[in-house]
Amino acid sequence: GAVVSQHPSWVICKSGTSVKIECRSLDFQATTMFWYRQFPKQSLMLMATSNEGSKATYEQGVEKDKFLINHASLTLSTLTVTSAHPEDSSFYICSARDWGAGTGTYGYTFGSGTRLTVV
Amino acid sequence: DAKTTQPPSMDCAEGRAANLPCNHSTISGNEYVYWYRQIHSQGPQYIIHGLKNNETNEMASLIITEDRKSSTLILPHATLRDTAVYYCIVRVAGTGTASKLTFGTGTRLQVTL
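Protein sequence lines correspond, in order, to chains A and B.
Adding 954 to a residue's 1-based position in the first sequence gives its number in our numbering.
Adding 15 to a residue's 1-based position in the second sequence gives its number in our numbering.
You may find that some hints are simply not true.
Computed beta-carbon distance windows for the label pairs [unchecked claim]: (1) TRP964/A / ILE78/B: 37 to 45 Å; (2) GLU1017/A / ILE78/B: 35 to 43 Å; (3) PRO36/B / GLY1056/A: 22 to 30 Å; (4) GLN1014/A / PRO91/B: 24 to 32 Å; (5) GLY970/A / ALA28/B: 45 to 53 Å; (6) HIS961/A / LEU95/B: 28 to 36 Å; (7) THR1036/A / ASP26/B: 38 to 46 Å; (8) MET25/B / THR1059/A: 39 to 47 Å; (9) GLY30/B / GLY1007/A: 49 to 57 Å; (10) ILE78/B / THR971/A: 48 to 56 Å; (11) GLY970/A / THR41/B: 39 to 47 Å; (12) PRO91/B / GLY1056/A: 17 to 25 Å; (13) VAL107/B / LYS974/A: 25 to 33 Å; (14) SER1008/A / VAL107/B: 16 to 24 Å.
By construction, these hints were calculated from the structure, which means they are not laboratory data.
The C-beta atom is built at its ideal place from N, Cα and C for all residues, glycine as well.
Extracted from the complex, chain A is given alone in its bound form (with noise of 0.2 Å):
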């Protein structure tokens, strides 16, 4: 089945630098890629949609200058936090979606996540 890899798992960072996250899908084309934010006991919250070739589609509220989003090939996305503060730590999720001949209609592949925490 489709797989989605996340990277990294976790990581840790200073108030004020810049943190990447990428994810791949591994063993299928994903022209449509998501990302996701999770706070502890809540909901996933979809940030932006990432679409390859062209800008991203942010959700309103989130601030794109800050949450920077590069799909620049049919496998892998990136999601860069910017001047990462507290607040910014969170469980980040992100999600391929593929056309599934057999189904007839899109499925949804998630990566493992990335547990990013600033101090």
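Go by the hints and put chain B onto chain A.
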């Protein structure tokens, strides 16, 4: 996308069937129902999805009512490893930015001995 309503928590004895309900009374004809689960500190795992017909795979069965306003996910023989938060998601068919998964609060299923 249509909003979904799920009970916040449920308990199930190991070996028994777990029946997780989901209400999506405002679903449109072109919207799919997806089920995912999330075990603590992991990414969501796909379980099953359907449009109109009932579906079954190696993990679970999905029963969609005839009017499509609600559905039930059935785990036929729950084990302790099925303890997780289960999300019922309704997604509009099509391409582009509309074709995304929006998560609700889900149901926390606790499987006990």
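Hints, verified against the model:
Between TRP964/A and ILE78/B the Cβ separation comes to about 38 Å, which falls inside the hinted range of 37 to 45 Å. In this structure the supplied range 35 to 43 Å holds for GLU1017/A paired with ILE78/B, their Cβ-Cβ distance being about 42 Å. Checked against the hint of 22 to 30 Å, the C-beta distance between PRO36/B and GLY1056/A comes to roughly 27 Å, which is consistent with it. Between GLN1014/A and PRO91/B the CB atoms are about 40 Å apart, so this pair departs from the stated range of 24 to 32 Å.
Separated by about 51 Å at the C-beta atoms, GLY970/A and ALA28/B satisfy the suggested range of 45 to 53 Å. Between HIS961/A and LEU95/B the beta carbon distance is about 29 Å. The supplied range of 28 to 36 Å therefore holds. The hint said 38 to 46 Å for the Cβ distance between THR1036/A and ASP26/B, and at roughly 43 Å that hint holds. For the hinted restraint 39 to 47 Å between MET25/B and THR1059/A, the CB-CB distance of approximately 28 Å leaves it violated.
Restraint check, GLY30/B to GLY1007/A: a C-beta distance of roughly 50 Å satisfies the suggested window 49 to 57 Å. Between ILE78/B and THR971/A the Cβ separation comes to about 49 Å, which falls inside the hinted range of 48 to 56 Å. Judged by the Cβ atoms, the range 39 to 47 Å given for GLY970/A and THR41/B holds: they are separated by roughly 44 Å. The hinted range of 17 to 25 Å is satisfied by PRO91/B and GLY1056/A, whose Cβ atoms lie roughly 22 Å apart.
Look at VAL107/B against LYS974/A: about 32 Å separates their beta carbons, and that is inside 25 to 33 Å. The supplied range of 16 to 24 Å is met by SER1008/A and VAL107/B, whose beta-carbon atoms lie about 21 Å from each other.
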